[in-house]
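> Here are the chains, one letter per residue:
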Amino acid sequence: SSKDKWPLSTEEYRRYGRQLILPEVGLQGQLRLKSAKVLVVGVGGLGCPAAAYLVGAGVGTLGLVDGDTVEVSNLHRQILHSTNTIGIGKVDSAVDYLNGLNSLVNLIPHRAHLTPQTALEIISSYDAVLDCTDHPTSRYLISDACVLLGKPLVSASALRTEGQLMVLNVPPKPPGDASGGPCYRCIFPKPPPAESVVSCGEGGILGPVVGVMGVLQALETIKIIASGTVDRADSTGKSFETHGKANEAPAPASPSLLLFSAFSSPPFRSVRLRPRRANCASCSAQATITEASLTSGSLDYVAFCGVTSPLDTL
Amino acid sequence: SSKDKWPLSTEEYRRYGRQLILPEVGLQGQLRLKSAKVLVVGVGGLGCPAAAYLVGAGVGTLGLVDGDTVEVSNLHRQILHSTNTIGIGKVDSAVDYLNGLNSLVNLIPHRAHLTPQTALEIISSYDAVLDCTDHPTSRYLISDACVLLGKPLVSASALRTEGQLMVLNVPPKPPGDASGGPCYRCIFPKPPPAESVVSCGEGGILGPVVGVMGVLQALETIKIIASGTVDRADSTGKSFETHGKANEAPAPASPSLLLFSAFSSPPFRSVRLRPRRANCASCSAQATITEASLTSGSLDYVAFCGVTSPLDTL
Amino acid sequence: MTEAKAASIPLAVEFTGGLELLFSNQRKHKIAIPSKKPDGEPSNVGDLISWLCDNLIKDPRKEMFVLDDSVRPGILVLINDADWELEGEDKYELQPNDEIVFVSTLHGG
Amino acid sequence: MTEAKAASIPLAVEFTGGLELLFSNQRKHKIAIPSKKPDGEPSNVGDLISWLCDNLIKDPRKEMFVLDDSVRPGILVLINDADWELEGEDKYELQPNDEIVFVSTLHGG
Ligand SMILES: [Zn+2]
Ligand SMILES: [Zn+2]
Numbered sequence: 273s274s275k276d277k278w279p280l281s282t283e284e285y286r287r288y289g290r291q292l293i294l295p296e297v298g299l300q301g302q303l304r305l306k307s308a309k310v311l312v313v314g315v316g317g318l319g320c321p322a323a324a325y326l327v328g329a330g331v332g333t334l335g336l337v338d339g340d341t342v343e344v345s346n347l348h349r350q351i352l353h354s355t356n357t358i359g360i361g362k363v364d365s366a367v368d369y370l371n372g373l374n375s376l377v378n379l380i381p382h383r384a385h386l387t388p389q390t391a392l393e394i395i396s397s398y399d400a401v402l403d404c405t406d407h408p409t410s411r412y413l414i415s416d417a418c419v420l421l422g423k424p425l426v427s428a429s430a431l432r433t434e435g436q437l438m439v440l441n442v443p444p445k446p447p448g449d450a451s452g453g454p455c456y457r458c459i460f461p462k463p464p465p466a467e468s469v470v471s472c473g474e475g476g477i478l479g480p481v482v483g484v485m486g487v488l489q490a491l492e493t494i495k496i497i498a499s500g501t502v503d504r505a506d507s508t509g510k511s512f513e514t515h516g517k518a519n520e521a522p523a524p525a526s527p528s529l530l531l532f533s534a535f536s537s538p539p540f541r542s543v544r545l546r547p548r549r550a551n552c553a554s555c556s557a558q559a560t561i562t563e564a565s566l567t568s569g570s571l572d573y574v575a576f577c578g579v580t581s582p583l584d585t586l
Numbered sequence: 273s274s275k276d277k278w279p280l281s282t283e284e285y286r287r288y289g290r291q292l293i294l295p296e297v298g299l300q301g302q303l304r305l306k307s308a309k310v311l312v313v314g315v316g317g318l319g320c321p322a323a324a325y326l327v328g329a330g331v332g333t334l335g336l337v338d339g340d341t342v343e344v345s346n347l348h349r350q351i352l353h354s355t356n357t358i359g360i361g362k363v364d365s366a367v368d369y370l371n372g373l374n375s376l377v378n379l380i381p382h383r384a385h386l387t388p389q390t391a392l393e394i395i396s397s398y399d400a401v402l403d404c405t406d407h408p409t410s411r412y413l414i415s416d417a418c419v420l421l422g423k424p425l426v427s428a429s430a431l432r433t434e435g436q437l438m439v440l441n442v443p444p445k446p447p448g449d450a451s452g453g454p455c456y457r458c459i460f461p462k463p464p465p466a467e468s469v470v471s472c473g474e475g476g477i478l479g480p481v482v483g484v485m486g487v488l489q490a491l492e493t494i495k496i497i498a499s500g501t502v503d504r505a506d507s508t509g510k511s512f513e514t515h516g517k518a519n520e521a522p523a524p525a526s527p528s529l530l531l532f533s534a535f536s537s538p539p540f541r542s543v544r545l546r547p548r549r550a551n552c553a554s555c556s557a558q559a560t561i562t563e564a565s566l567t568s569g570s571l572d573y574v575a576f577c578g579v580t581s582p583l584d585t586l
Numbered sequence: 017m018t019e020a021k022a023a024s025i026p027l028a029v030e031f032t033g034g035l036e037l038l039f040s041n042q043r044k045h046k047i048a049i050p051s052k053k054p055d056g057e058p059s060n061v062g063d064l065i066s067w068l069c070d071n072l073i074k075d076p077r078k079e080m081f082v083l084d085d086s087v088r089p090g091i092l093v094l095i096n097d098a099d100w101e102l103e104g105e106d107k108y109e110l111q112p113n114d115e116i117v118f119v120s121t122l123h124g125g
Numbered sequence: 017m018t019e020a021k022a023a024s025i026p027l028a029v030e031f032t033g034g035l036e037l038l039f040s041n042q043r044k045h046k047i048a049i050p051s052k053k054p055d056g057e058p059s060n061v062g063d064l065i066s067w068l069c070d071n072l073i074k075d076p077r078k079e080m081f082v083l084d085d086s087v088r089p090g091i092l093v094l095i096n097d098a099d100w101e102l103e104g105e106d107k108y109e110l111q112p113n114d115e116i117v118f119v120s121t122l123h124g125g
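Chains as they are written, first to last, in the working numbering: chain A, 273 to 586; chain B, 273 to 586; chain C, 17 to 125; chain D, 17 to 125.
It should be emphasised that the hints constitute simulated quantities derived from the structure, not laboratory data. Just so you know, not all the hints are guaranteed correct.
To be verified - Now the in silico label distances, taken between C-beta atoms and shown as ranges: (1) Ala557/B x Glu343/A: 36 to 44 Å; (2) Ser451/B x Lys462/A: 45 to 53 Å; (3) Ile293/B x Ile360/A: 52 to 60 Å; (4) Glu79/D x Ile47/C: 48 to 56 Å; (5) Phe576/B x Thr341/A: 15 to 23 Å; (6) Glu343/A x Asp84/C: 36 to 44 Å; (7) Ile47/C x Glu109/D: 27 to 35 Å.
Said to hold, decoys possible - Some chain B residues flagged as far from chain D (calculated, every beta-carbon gap over 10 Å): (8) Gly319; (9) Leu392; (10) Arg432; (11) Pro446; (12) Pro465; (13) Thr567.
Here a beta-carbon is modelled for each residue, glycine too, at the ideal position from N, C-alpha and C.
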């Protein structure tokens, strides 16, 4: 516990020493990382590098959600997997590697795609969520669940030579509290037409492009946790008792979107986003999305996004 | 050879399909990657992710240079290594992992730090070089060798919460040709005072910060190779017969420096750099650095950078 | 600097996230559009979008850019590096050399 | 817009790569320096560097910032996102609201 004289083991001081000595982390930040439970949804091109750096940094518990198995066409960008794990579940393949990198981290496999029926139950056990999936249906589902449960969400996407990154629901205030960060529906209230949705399989993807976005997701998550924006160690554990300390966790920058385009000059662009939307279906005082409506399947994320194939696209 | 009807194997089409379908790569770009020999100098926080994505993308040959062994304090950021390879040479630890990711790539270990005596011989076998080292002495040495041998150099560095990236000597014209890209000495003609040089061990480093820079090094290298800026497949093999094709390899953007600062807003900034310096000791018509002076040790990189400890700092 | 009586307003327009495929596969465009509407009001971003549909789009699938008189869902409009919802959306009055970016959201991972 | 007769010129100065440690550990500074030198010439970047040494640096190790009357080796000076060597180095005449960044090169990896 953080009250002991030596709150970390000798091995932990040695392993995390290079980040412990940073003022932005420090012992307090490392203890917050150690007590944090982080969920990575999707163990593909984004989730692989994100998970590697989160496990390297010593988050206490990392959950991994994916129902797919490793294919050879994944390996140019999904660097936790290997030729030997082709055909094996991505979650199990990732656990193999991550356990080798840092066995101090408690790894929790969730060997199926997230569904409206499972999302709330799974996400409720975690303190922060990374959306590393590859379809709008899952992006709306994960955002809605994070708003309902008061979890910060680090969302990224990539296609061809471009990537996008947003930190959503930070600070993670309850629906109706305008001081909370915007959610995915605040930014994109209506889903895109199905014919405009292009997957990496169809459109192609350059490995380091999605890799950069995944590493940046790990970074944003570490910043959120180390700064005390969500602090399991200090709080009573209730979702909405998350808080920052004025002197350690500066108010998060106004919400922003990072755009990356590998062949443009300059390659990175930061854009200011709107605050919460006063009539957001998910995070506003007029929210219509509830735990019951989400879990019951009445929201029908698949039809909402105009997709006719089953929801097995995470 | 590229003249066959099916220049790649079925396995290669499947493995690289997601990048092959990008117009920026295409079959021609994939063949250039396959015939390319790339050298990663330093298998630490930058070299690990850079090597992973280069091997994933299918460069034909990847050389790895490092004389260090894996330590537990490396593992929060040096994600190719693992708890099981602590105490083993970094190069061998990396080869283990990389071979598992893609056994089609020919991996060449160089199990010692680069020195003035070895740099030219080692680098001469490769088409492009990534400087993933962590000291100014090695940065000047690698840049000088790349200029003398006509190799493009992708140089990155990181410390604490910040990173920097430059593509140097692109296009890789001979010394005295002002149309070549600037070298490290054009940007930094004088070495910094020794007391201003802070290593990651002393200053600390956040894992994803150096990780992002390493992934971006892989990306810049893939862009250089796929575009034909250096093209072993199309050329006679002589260093200075590198060339781009007007319709495929647009003239490289004017030289730039990418600055990354994880806690700043915006986090990325691109800066225009100067062209080659007319009196550069390395790449100008007045260059004083020659293969003989470099190899003989008369340049004394260690004293030049004001360092009193031995040159074992790569 | 010079508040010219020019009949047109110079703008930098950029398309990313795949939208450039609808515009000759070119990301950055330097354009000039009429500075006033027919009724004499200054041109706004809504007018720019109409102008782009009439003059710049090359792909016949205009519904991939505009639906129901506005940009289709899944496209963010950025005015000088801010979400247009912070600037008045389509009612924002264009200023010379404004930078307007149209971004299609990506979903891959 | 207004070419004021102000005696001072407003600037945005930023320190990165560790240099901020010499300046109260603060990266971004909004400052105003005299717009003319004593001899009546307009102030240039060289004058800014002197001003920073006299007024803004907090660390006694000034030689970590300035050596031999210029910034020490290993520091890049950026004027509006360009290497100052593209802009005339220390002779560049400051304009209102110029953004001047001092970057210490990093060597870690
Ligand atoms: Zn919302
Ligand atoms: Zn040079």
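> A separate judgement is required for each hint: does it hold in the structure or not?
Hints and how they fare:
1. Look at alanine 557/B against glutamate 343/A: about 53 Å separates their beta carbons, and that is not inside 36 to 44 Å.
2. For the pair serine 451/B and lysine 462/A, the supplied restraint of 45 to 53 Å holds, since their beta-carbon distance comes to about 51 Å.
3. A hinted range of 52 to 60 Å for the beta carbons of isoleucine 293/B and isoleucine 360/A is inconsistent with their spacing of about 26 Å.
4. At roughly 52 Å, the beta-carbon separation of glutamate 79/D and isoleucine 47/C lies within the given 48 to 56 Å, and the hint holds.
5. In this structure, phenylalanine 576/B and threonine 341/A break the distance hint of 15 to 23 Å, their C-beta atoms being roughly 54 Å apart.
6. As the Cβ distance of glutamate 343/A to aspartate 84/C is approximately 39 Å, the hint placing it in 36 to 44 Å holds.
7. Distance hint check: the CB atoms of isoleucine 47/C and glutamate 109/D are about 33 Å apart, consistent with the given range 27 to 35 Å.
8. Distance check on glycine 319/B: its Cβ comes as close as 7 Å (rounded) to a Cβ of chain D, failing to clear the 10 Å threshold; non-interface status is violated.
9. Remark: the non-interface label on leucine 392/B is consistent with the geometry, its nearest Cβ contact in chain D lying 22 Å away (cut-off 10 Å).
10. Chain D draws arginine 432/B into its interface by the beta-carbon criterion, the shortest separation being 7 Å against a cut-off of 10 Å.
11. The claim that proline 446/B lies off the interface holds: its Cβ sits roughly 23 Å from the closest Cβ of chain D, which is beyond the 10 Å cut-off.
12. With a least beta-carbon separation of about 6 Å from chain D, proline 465/B fails to lie farther than 10 Å from that chain, contradicting its non-interface assignment.
13. No Cβ of chain D approaches the Cβ of threonine 567/B within 10 Å, the least distance being about 24 Å, so the stated non-interface status holds.
The earlier numbered hints that this structure contradicts are 1, 3, 5, 8, 10 and 12.
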